[in-house]
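**Student:** In the order they appear, the protein sequences are chains A and B. According to the working numbering, the first sequence is numbered sequentially starting from 477. According to the working numbering, the second sequence is numbered sequentially starting from 122.
Just so you know, these hints were derived from the structure itself, not from any lab. Warning: the hint list may mix true and false statements.
Unchecked claim - Straight line, CA to CA, 25 Å or less: simulated SDA-like cross-link-like pairs of lysine to any residue:
id, chain 1, residue 1, chain 2, residue 2
1, A, Lys-496, B, Asn-154
2, B, Lys-182, A, Arg-610
3, B, Lys-182, A, Leu-604
4, B, Lys-260, A, Val-765
5, B, Lys-253, A, Arg-592
6, A, Lys-496, B, Ala-406
7, A, Lys-681, A, Pro-693
8, A, Lys-504, B, Lys-253
9, B, Lys-253, A, Arg-631
10, B, Lys-157, A, Val-588
11, B, Lys-260, A, Gln-529
12, B, Lys-253, A, Gln-789
13, B, Lys-260, A, Ser-517
14, A, Lys-504, B, Asn-154
15, B, Lys-182, A, Gly-560
16, B, Lys-168, A, Arg-570
17, B, Lys-157, A, Ser-605
18, B, Lys-182, A, Ser-634
To be verified - Across the chosen pairs, the derived CB separations fall in these ranges:
id, chain 1, residue 1, chain 2, residue 2, range
19, A, Lys-504, B, Ser-382, 47 to 57 Å
20, A, Arg-512, B, Val-395, 39 to 49 Å
21, A, Leu-786, B, Leu-141, 21 to 31 Å
22, B, Pro-198, A, Glu-624, 49 to 59 Å
Here the structure is a predicted model, which is why all the values come from computation and not from measurement. Note that beta-carbon positions come from the ideal geometry of N, C-alpha and C, so glycine has one too.
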Amino acid sequence: MPEVLVSSENVGKKFCRDLKKSLWYGVKDSFADLARSNESSATLRDGEFWANQGIDFEIKRGECLGLIGRNGAGKTTLLKMLNGLVKPDTGRIRMRGRVAALIALGAGFDPVLTGRENVYVNGSILGLSRRQIRDRFERIVEFSEISEFIDSPVRTYSSGMQVRLGFSTAVNLVTPDILLLDEVLAVGDVAFRTKCYRRVDELRKESAVVFVSHDMPSVARISDRVLFLSRGEVQWDGDATLGVEAYNDANMGTDAKVLGHVECVYPVESIEFVELPSRVHFTERVAGVIRIVSAKHVQNFRLTINVRDLSDQYLASCVLNSDDFDSVICPGTNELEMEIQGIPLKPGSYTVSVGLTDSHGTILALWINGHRMEVHGGNSRGVAWCQLACTISQPV
Amino acid sequence: MSLTAEIPAEMTPDEVSQGLPEVIYSPESPLANPGKLIREVFSDLWKCRELIWILFQRDLKAQFRQSYLGYVWLLLPPVMTTGVWLFLNSQKVIAISDTGMPYPLFVIIGSVIWQTFAKLLQSPLQAFNSGKPVFMKLKVPPEAFVAAGTARVVFEFLIYTIVLIPAFFLFKVIPPWTILFIPVVILAMFALGTALGLLLVPLGSLYSDIQQAIPILMGFLMYMAPVVYPPPEAGLAATVVSWNPLTPILMGGRDMLTTGSLEQIGSILFLIPVSLFAIFVMMLALRVVMPHLVARMGM
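I would like the entire structure built from these sequences, with the hints used as guidance.
**Tutor:** What follows is the structure, encoded as structure tokens:
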């Protein structure tokens, strides 16, 4: 039975929106602590709000807790309390073992000094002795892949190189029992990022991890459990995939509405894709109606249904030829029923577009990002499962 | 390469975790258990002795690497001060004679002590503020940054005193045996300056007023201490100067180097334990208020 390394009981922290008041409360709190006054810190003063409230969780060795929520939901505040930088106003945090925070990469770096010197400064700030740093130095440089420049001033480095050096120093120096990760993984180029993930995977196997990120696929991949914070309170505590879904659902109403637009060319007057579900399981059959209004006959047309994610990345498409389905567009309103047996996409939000072209490939009508659809389900790592015919054969 | 490499093979992870250090964070004041707090502060200070040295080196290197003259810039101010006074003396411009020693020497010793003291006073807050970006993100003993700043002042003081030596030859003053007490004066100066400097850190980190006010007040304070003139005999100025804790250090230091009088040694010996105690108290206080300061630094 792995032991509990991090535990948080009813933890709360308040902050003040007004700067002057906040500073004054800082003075008062400082004096209260110095005087050991037992005045309760559990009530809000003028201008204060709960940045964290009633937060309960435990993390065992080998377990990873994903911390998600919108900007300002209180993730960083919680991380700072876990790291002991600020203290809770209510509740109790218990941390067992050596804590490492991959939060500020390259802390204490001075641009004029060389990479080598900065590794020593940074390592020393992370709590290592010079001998320990010297022993690991080769590994750090090798990992960062900037050995050529290690004796040049850090300000001649590109920002990517600086971050690489900071990351290499941090992950190669520490061997923590508790690891606090705050979105630092999104650094460097693709090759380096992959390497970072691999190294963090190594580290997290043996430690209790708190992982803060906005990148839901990573959260779903790395975390065993998620804590979804909203306005400082826990909205969801449990299974990672379901938690990510809960987070996406909560964002449905709030994030920018994807407004579709329609473009038509004579003879087509309008096009829309209706009766589509807005939430589907990835194995579910999906049906909808494509409604086209035309001024005259269109024969030999082609319909293209495109699926994009919210960052407008093209993901999948489906092309339908009128010849294959024996259909024509007549003058007036036409309704075409579309049906697909499943949506083999990983959980997330997608938009659907439709394009109509004639036999020469000329665009007659476009209905762009006109529908938003949530796909849910899939396994706990956020990968969709799809039953399609796949065979192997052995030539004799 | 793997994490387990640090753990001896014969121990199971559970056995290892038996010995894991445990920390509790709660709203309770750390002063509820002062013994633990004191142990923590001192063990941290011992643990970060290398960090202090590395930070000290970093700041020194960073300041001078981008210049041709480099460390010469550290030597220049005291050389200039001494030079100016030598010149003024040779031109007979100044005539304050009842100092019991050549007046330029009086001023030079006075200003070395004063400038060092002024730097000591400002250094903790400056060092603390420059460490803020780190304090906001990582758990580091803030004492390390403060101590590195003080180490810098020690270093500059040593350079100043090297420049002081030729001045004695030029004025043909041979220090009497009382020079043996000089380390006591230096200790008192460092203890007093650091104690007062630490006192400014908590409020100074919250409000920028403190940092704004220091240079202005220092100009005023310099004339409330016998830096460039001997203490007045009577009047309000005399009272203020006599109550100024820096007066015995200035007067005593000068006497021990020139006239051999030990008149101030009593006050100096009194200042040392008081200042050291104040430093101790302020170090604990800084630990207690640190989370509140970090909370107000921003995200």
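**Student:** Would you mind marking each hint as holding or not holding in the structure?
**Tutor:** Hints, one by one, checked against the model:
1. For the given pair, Lys-496 of chain A sits about 32 Å from Asn-154 of chain B by alpha-carbon distance, which is inconsistent with the 25 Å threshold.
2. For the proposed pair Lys-182 of chain B and Arg-610 of chain A, the alpha carbon gap of about 20 Å is at most 25 Å, so the pair holds.
3. Distance restraint check for Lys-182 of chain B and Leu-604 of chain A: the Cα-Cα separation of roughly 21 Å lies within the 25 Å cut-off, and the hinted pair is therefore satisfied.
4. The straight-line distance between the Cα atoms of Lys-260 of chain B and Val-765 of chain A is roughly 59 Å, outside the 25 Å bound, and the hint therefore fails.
5. Distance hint between Lys-253 of chain B and Arg-592 of chain A is fulfilled; the C-alpha atoms sit about 23 Å from each other, no more than 25 Å.
6. Annotation: proposed proximity of Lys-496 of chain A to Ala-406 of chain B holds, straight-line Cα distance about 23 Å (limit 25 Å).
7. Simply put, Lys-681 of chain A and Pro-693 of chain A have alpha-carbon atoms about 19 Å apart, close enough for the 25 Å limit, and the pair holds.
8. Annotation: proposed proximity of Lys-504 of chain A to Lys-253 of chain B holds, straight-line Cα distance about 21 Å (limit 25 Å).
9. Between the alpha carbons of Lys-253 of chain B and Arg-631 of chain A the distance comes to roughly 21 Å, so the proposed pair stays at or under 25 Å and holds.
10. Between the alpha carbons of Lys-157 of chain B and Val-588 of chain A the distance comes to roughly 40 Å, so the proposed pair goes past 25 Å and is violated.
11. Our distance criterion of 25 Å between C-alpha atoms is met by Lys-260 of chain B and Gln-529 of chain A, whose separation comes to about 23 Å.
12. At roughly 40 Å between alpha-carbon atoms, Lys-253 of chain B and Gln-789 of chain A are farther apart than 25 Å, so this suggested pair is violated.
13. Restraint check for Lys-260 of chain B and Ser-517 of chain A: the C-alpha separation of about 23 Å stays at or below 25 Å, so the hint holds.
14. This hinted pair checks out: Lys-504 of chain A and Asn-154 of chain B have alpha carbons roughly 21 Å apart, not beyond 25 Å.
15. Restraint check for Lys-182 of chain B and Gly-560 of chain A: not satisfied, since their Cα atoms lie roughly 31 Å apart, outside the 25 Å limit.
16. Our distance criterion of 25 Å between C-alpha atoms is met by Lys-168 of chain B and Arg-570 of chain A, whose separation comes to about 23 Å.
17. Distance check on the hinted pair: Lys-157 of chain B and Ser-605 of chain A sit about 24 Å apart at the alpha-carbon level, within 25 Å; holds.
18. At roughly 22 Å between alpha-carbon atoms, Lys-182 of chain B and Ser-634 of chain A fall within 25 Å of each other, so this suggested pair holds.
19. At roughly 49 Å, the beta-carbon separation of Lys-504 of chain A and Ser-382 of chain B lies within the given 47 to 57 Å, and the hint holds.
20. Against the hinted window of 39 to 49 Å, the Cβ-Cβ separation of Arg-512 of chain A and Val-395 of chain B comes to about 24 Å, which falls outside the hint.
21. Checked against the hint of 21 to 31 Å, the C-beta distance between Leu-786 of chain A and Leu-141 of chain B comes to roughly 43 Å, which is inconsistent with it.
22. Checked against the hint of 49 to 59 Å, the pair Pro-198 of chain B and Glu-624 of chain A fails, with Cβ atoms roughly 40 Å apart.
Hint compliance for this structure: hints 1, 4, 10, 12, 15, 20, 21, 22 are not met, and every other hint is.
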